[in-house]
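Starting from the structure of chain U, add chain C where the hints point.
Taken in sequence, the protein lines are chains U and C.
Here our numbering is used: the first residue of the first sequence is 1, the next is one more, and so on.
Here our numbering is used: the first residue of the second sequence is 1, the next is one more, and so on.
Bear in mind the hints are in silico, worked out from the structure with no lab data behind them.
Yeah, the Cβ is synthetic: ideal placement off N, Cα and C, and Gly gets one too.
Please note that the accuracy of each hint is not assured.
In silico DSS-like pairs for lysine-lysine, Cα to Cα no more than 30 Å straight-line [claimed, not checked]:
| id | chain 1 | residue 1 | chain 2 | residue 2 |
| --- | --- | --- | --- | --- |
| 1 | U | Lys13 | U | Lys112 |
| 2 | U | Lys131 | C | Lys101 |
| 3 | C | Lys3 | U | Lys112 |
| 4 | U | Lys13 | U | Lys133 |
Reference excerpt, derived from the structure (chain C facing chain U, CB under 7 Å, subset only) [as the list claims (entries may be wrong)]:
| id | residue |
| --- | --- |
| 5 | Ile17 |
| 6 | Ile85 |
| 7 | Ile88 |
Read off the chains here:
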Amino acid sequence: MEKITKINQLPVKIFLLIIANDLLDTLAQLLMKKGLGLCDLSSVASYFQHLFNFSNPHIFLFWIGLGIYLSNFFLWMKVLSNTDLSVALPLASSSYILIPFAAVFFLHEFVKPIRWLGLVLIVFGIYFISKSKPSDLLTPSPDLPCQGEGINIGDTHE
Amino acid sequence: MNKTITLVLIAEFWITIGQVCFKKSANRLNAQETDGKSWIMHLLGSVFSYPTLWIGATAILVGMLFWFAALSSGELNSVYLLGSIQYIFALFAAHYFLHEKINKTKLIGTLLITLGIILTAAS
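Same shape as in the complex, but just chain C:
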């Protein structure tokens, strides 16, 4: 069980970094002219020129490798429930790196989700 917790924490750390990078890429994608291209072509055309997409993909890949290891070390349920720490990570990472507001509704929602997951994981 300890091994599972460690693996999940390391996985979530990297996945959060990756998600922040993806969100940064999405913001940049939004700010750029599409030149009449469809959204998906716009994304594909940007894939090679956005370093944040590559850094993000690498971070997620590293996170995934730890995540797979976690998956095969415990029950799917436990691994998933432990993964809830991701929302706390994401809330603060999004605040500090992406300047997303932490408002009351969002905080209550995030805490309810995490509480729900702690409750289920503690059982």
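So here's chain U without its partners, still in its complex pose:
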């Protein structure tokens, strides 16, 4: 049994896992966007045809991106085992900060100045959420009588 530490905010390790999850997510999204290009959305069939049209070399980027996205599942389950969903999800919004940078540098899209202002608000939001108390670990729900071994967070008392 690992040492139980008193915490009232998100552990740094989990925060870093969320960031890692997010970086991979950003990479996957970029690859999928690059790989998809512009596709015909007039019907579901044409959409699928586009996805499986392997004579288009770019579509491989899409599938690599999808592969990264799917592997990210394991990282995400690790995060969810240690935090509230309502904490982990908003913290994954650091991709809102990463994506515009990536869109500017790799896809050459234009980002309006007011959007950068919005990003500053998002940074503050992330700060507040990472400071909020993890509720389900402090008050386990009835169907969750105990925490598993190896979970080194979650003292129920302050």
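Just chain C now, with coordinates in the frame of chain U:
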């Protein structure tokens, strides 16, 4: 643009359902004995026996298909910024289905993030 908004909303609806299912699975995983197995083997061993994992994965897959459609109908930026609605969905879904507390700090943080995204999307 309207098409993008609709696609993103449908995508986020399904993705939120999927995330709630994943979180339920993670809670169950935490509550179960690991029998000395590493965490990842513990997860892999549970994959087939947790219906919530399968329901979650299916919901996310459905959400992803709408998400890809949204991605190719607009700029990556706009699609991502519209996706912010996910945090509002998640905050309430987590409260009602997972009994997660909505405290002041969390609410302020979520609202700041959403406001930041609305600000950027409205431009």
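inquiry  = Run through the hints listed earlier and report the numbers of any the structure violates, in increasing order.
reply    = 1, 5, 6 and 7
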